[in-house]
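Q: Heads up, the sequence shown is in the numbering used here, so the first residue is 509 and it goes up one at a time.
It cannot be assumed that every hint is accurate.
[What the hints assert, rightly or not] Here are the simulated DSS-like pairs of lysine-lysine, each with C-alpha atoms no more than 27 Å apart in a straight line: (1) K653 / K610; (2) K953 / K963; (3) K864 / K970; (4) K651 / K607; (5) K1071 / K1088; (6) K1131 / K1084; (7) K1023 / K1033; (8) K529 / K829; (9) K1103 / K1019; (10) K827 / K808; (11) K801 / K812; (12) K529 / K572; (13) K659 / K670; (14) K868 / K782; (15) K829 / K782; (16) K653 / K574; (17) K1070 / K975; (18) K1046 / K1019; (19) K651 / K740; (20) K680 / K691; (21) K593 / K529; (22) K651 / K593; (23) K798 / K808; (24) K607 / K572; (25) K1084 / K1047; (26) K827 / K1033; (27) K782 / K812; (28) K670 / K653; (29) K829 / K718; (30) K829 / K1083; (31) K901 / K931; (32) K1140 / K1103; (33) K1093 / K1083; (34) K572 / K718; (35) K574 / K529.
No lab work stands behind these hints: they were computed from the structure.
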Amino acid sequence: MIVLSCKDIHKSYGIDVILDKITLSINDGERIGFIGPNGAGKSTLFKILTSQLDYDNGELFIDKNKRVGYLSQNLSLNINNTIYKETLSVFDNLLSLEKSLKDLETKMSKPYDASKEDYQNKIIKEYTLTSELYNNRGGYTYKAKINRILKGLGFLEEDYDKPINILSGGLKTRVALCKLLLKNPDVLLLDEPTNHLDLDAIEWLEDYLKSYKGTMFIISHDRFFLDAITNKTFELINGHIDSYNGNYTNFIELKKKNYEIQLKAYNLQQSEIKRQEDIITKYKSFNREKSVKAAESRQKSLDKMDRIDSPTRDPKETKIKFEAEIKSGNDVLHIENLSKRFGDNLLFENLNLDVKRSEKIALIGENGRGKTTLFKIIMDKIPSDTGIKILGKSIFVGYYDQEQSDLNPEKTVIDEVWDAFPKLTTTELRTALAAFLFIGEDVFKVISTLSGGEKCRINLLKIMLSKSNFLLLDEPTNHLDIMSREALEDSILAYDGTVIVISHDRYFLNKVIHKILELNKDGLKEYLGNYTYYIEKKKNPLRFQAEEEHEGMSKTQINYNKKKKRDENNLEKQKKIDFKTLEDKISSLEQELGKLNNDLCLEEVYSSPSRSVETNNHILSTKTELETLYAKWENFLA
509 MIVLSCKDIH KSYGIDVILD KITLSINDGE RIGFIGPNGA GKSTLFKILT SQLDYDNGEL
569 FIDKNKRVGY LSQNLSLNIN NTIYKETLSV FDNLLSLEKS LKDLETKMSK PYDASKEDYQ
629 NKIIKEYTLT SELYNNRGGY TYKAKINRIL KGLGFLEEDY DKPINILSGG LKTRVALCKL
689 LLKNPDVLLL DEPTNHLDLD AIEWLEDYLK SYKGTMFIIS HDRFFLDAIT NKTFELINGH
749 IDSYNGNYTN FIELKKKNYE IQLKAYNLQQ SEIKRQEDII TKYKSFNREK SVKAAESRQK
809 SLDKMDRIDS PTRDPKETKI KFEAEIKSGN DVLHIENLSK RFGDNLLFEN LNLDVKRSEK
869 IALIGENGRG KTTLFKIIMD KIPSDTGIKI LGKSIFVGYY DQEQSDLNPE KTVIDEVWDA
929 FPKLTTTELR TALAAFLFIG EDVFKVISTL SGGEKCRINL LKIMLSKSNF LLLDEPTNHL
989 DIMSREALED SILAYDGTVI VISHDRYFLN KVIHKILELN KDGLKEYLGN YTYYIEKKKN
1049 PLRFQAEEEH EGMSKTQINY NKKKKRDENN LEKQKKIDFK TLEDKISSLE QELGKLNNDL
1109 CLEEVYSSPS RSVETNNHIL STKTELETLY AKWENFLA
């Protein structure tokens, strides 16, 4: 049963078209991931669906019997309330019933008066009915629900009395999410629900939503989260929506296959159109009545052909490429017995760490534990309380600050980058900015007016231009859309320097990291694997014991694994070369087939039985060879 649908929804601001003929339908119980580039119009569509924004044209349907809940990036909270009181406001109806029950209990506690029997019976009946209503609406469980969700989202009981107005943006988002989950609507519209949540809170939210009975429509750049929760994917691209069955990983596979199938069909049709047009031109050149009529007949058939549109290409991607100008020594960083506290708040102590060249390490831990502080200690921005920190020789650090504090809000984009790298020529600078999607007049935007994603791209560009050999990246995927995240991942995988990254992006951690350091107050605990390995190891500490003991016996296995990885990369490169050679061969044979078909139209060929047979045989052999090559081409794509 359809709970929400829209047809041909159009929204524009002046000449800027945001949504163009958006058509979609969502069935009861579906869990849909909604993805697309930043600025594509995803949040705009959510605002239209929740009547917060008008649309220009189209039709919108929402089942009136369904309650819709919306978590937006712009929060609506009473800043004068405490955290607990704000969440308690969800249950105002139960609080009202509680007050009624207390009033009725007070009346019932008075001595029995036989002269008021009817009145007292009325009070008892009203109390019974109110009690049943209170129970049916969850009156005896709502406080437990509040505690469960607040704690699940990372709040401690001592936080409950904190006023909303002193909370950070991230904590306010958590309060708003808590309120929404407590309301338990039939349809959930969630706009980036995992933003500002630590890993424990994200995993809790996943488990909670897995048991949620209603319909979900989720905007998210958290691909791991989408894989865990969704069973369908909508992609908003170039103003319209493409629908795919399955979660994010399924979507990637289906999109690639669909594009390749559409491109192949499009190219084949274009080849056939070109062949027919060449035949028509050739017929017309004969300038004979019979050939002219044949040309007109073919033209009519061509005009009636159902043309295949060129498959949609993704919008421009950020082109990130990290390169180290100077190769560092093998010993990149040594930390011994480091500790740090602020007042009575101990962040960590007894912290020991050795980082070697080319390692890709993730630093994780609960929010507020001191991950960013550790980065600042490494950068000499703040001192440690105890311990030593030594950077190796020829180490040049590139630091990505999630707060974007190193950007001057009063500068333009071009001045911000040029002032940091004054030796760049105008051409080099504009080329670099264009690679990060700052084109034309965009380079003259003032930093303070930019979105979080745009500021993120500037910082990444500055790090790229620095050509550092040791990168400290603090939540680099925050504010990036999925395509930009994947470009960042690819650049880190190809980077020959050393990386330590703080991130809650589990998909990112799985793809680029081979060591995880978990920070707690007693120091660091090391896990030699990606995020999935870390989770499995936490659940079952003995699971990988044999492999780890074998690895720990010598460095030979580590070197072997690195060689194996290089061999796999070389094999992948060779496959790409073979694939390109195959495509070139197919293209050459397609051109030859077109020429042979044209030859059949020549009078000297079709008037000569022997030449006609020879040409036809050549066409058949070429088609047979093409079919074999097409089969190989499809096997490459499988």
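Q: Determine for every hint whether it applies to the structure shown.
A: Hints, verified against the model:
Restraint check for K653 and K610: the C-alpha separation of about 22 Å stays at or below 27 Å, so the hint holds. Of the pairs offered as hints, the one joining K953 and K963 holds, with about 11 Å between alpha carbons and a cut-off of 27 Å not exceeded. Note on K864 and K970: the hinted pairing holds, with a Cα-Cα distance of about 24 Å set against a maximum of 27 Å. With a C-alpha separation of about 16 Å, the suggested pair K651 and K607 falls inside the 27 Å cut-off, and the hint holds.
Proposed proximity of K1071 and K1088 is supported: the alpha carbons are some 26 Å apart, at most 27 Å. A threshold of 27 Å between alpha carbons decides the hint, and for K1131 with K1084 the separation of about 25 Å falls inside it, so the pair holds. With a CA separation close to 11 Å, the supplied pair K1023 and K1033 stays within the 27 Å bound. The suggested pairing of K529 with K829 is violated, with an alpha-carbon distance near 37 Å, which exceeds 27 Å.
The suggested pairing of K1103 with K1019 is violated, with an alpha-carbon distance near 47 Å, which exceeds 27 Å. The straight-line distance between the Cα atoms of K827 and K808 is roughly 46 Å, outside the 27 Å bound, and the hint therefore fails. Straight-line distance between C-alpha atoms of K801 and K812 comes to about 17 Å, which keeps the hinted pair within the 27 Å bound. For the hint linking K529 to K572, the alpha-carbon distance of about 24 Å falls within 27 Å, and the restraint holds.
For the hint pairing K659 with K670, the CA-to-CA distance comes to about 14 Å; that is within 27 Å, so the pair holds. Between K868 and K782, the direct Cα distance comes to roughly 51 Å. Violation of the 27 Å bound is thereby established for this hinted pair. A hinted pair counts as satisfied when its Cα atoms are at most 27 Å apart, and K829 with K782 does not qualify at roughly 40 Å. Between the alpha carbons of K653 and K574 the distance comes to roughly 22 Å, so the proposed pair stays at or under 27 Å and holds.
The suggested pairing of K1070 with K975 holds, with an alpha-carbon distance near 24 Å, which does not exceed 27 Å. For the hint linking K1046 to K1019, the alpha-carbon distance of about 19 Å falls within 27 Å, and the restraint holds. Between the alpha carbons of K651 and K740 the distance comes to roughly 34 Å, so the proposed pair goes past 27 Å and is violated. For the given pair, K680 sits about 17 Å from K691 by alpha-carbon distance, which is consistent with the 27 Å threshold.
Restraint check for K593 and K529: the C-alpha separation of about 43 Å exceeds 27 Å, so the hint is violated. Of the pairs offered as hints, the one joining K651 and K593 holds, with about 11 Å between alpha carbons and a cut-off of 27 Å not exceeded. A threshold of 27 Å between alpha carbons decides the hint, and for K798 with K808 the separation of about 16 Å falls inside it, so the pair holds. A hinted pair counts as satisfied when its Cα atoms are at most 27 Å apart, and K607 with K572 does not qualify at roughly 31 Å.
Note on K1084 and K1047: the hinted pairing is violated, with a Cα-Cα distance of about 39 Å set against a maximum of 27 Å. Distance hint between K827 and K1033 is unfulfilled; the C-alpha atoms sit about 35 Å from each other, more than 27 Å. For the suggested pair K782 and K812, the alpha carbons sit about 15 Å apart, so the restraint of at most 27 Å is met. Distance hint between K670 and K653 is fulfilled; the C-alpha atoms sit about 19 Å from each other, no more than 27 Å.
Distance check on the hinted pair: K829 and K718 sit about 38 Å apart at the alpha-carbon level, beyond 27 Å; violated. Between K829 and K1083, the direct Cα distance comes to roughly 23 Å. Compliance with the 27 Å bound is thereby established for this hinted pair. Between the alpha carbons of K901 and K931 the distance comes to roughly 25 Å, so the proposed pair stays at or under 27 Å and holds. Distance hint between K1140 and K1103 is fulfilled; the C-alpha atoms sit about 24 Å from each other, no more than 27 Å.
Straight-line distance between C-alpha atoms of K1093 and K1083 comes to about 15 Å, which keeps the hinted pair within the 27 Å bound. Of the pairs offered as hints, the one joining K572 and K718 holds, with about 25 Å between alpha carbons and a cut-off of 27 Å not exceeded. Proposed proximity of K574 and K529 is supported: the alpha carbons are some 25 Å apart, at most 27 Å.
Checked against the numbered hints given earlier, the structure breaks hints 8, 9, 10, 14, 15, 19, 21, 24, 25, 26 and 29 and satisfies all the rest.
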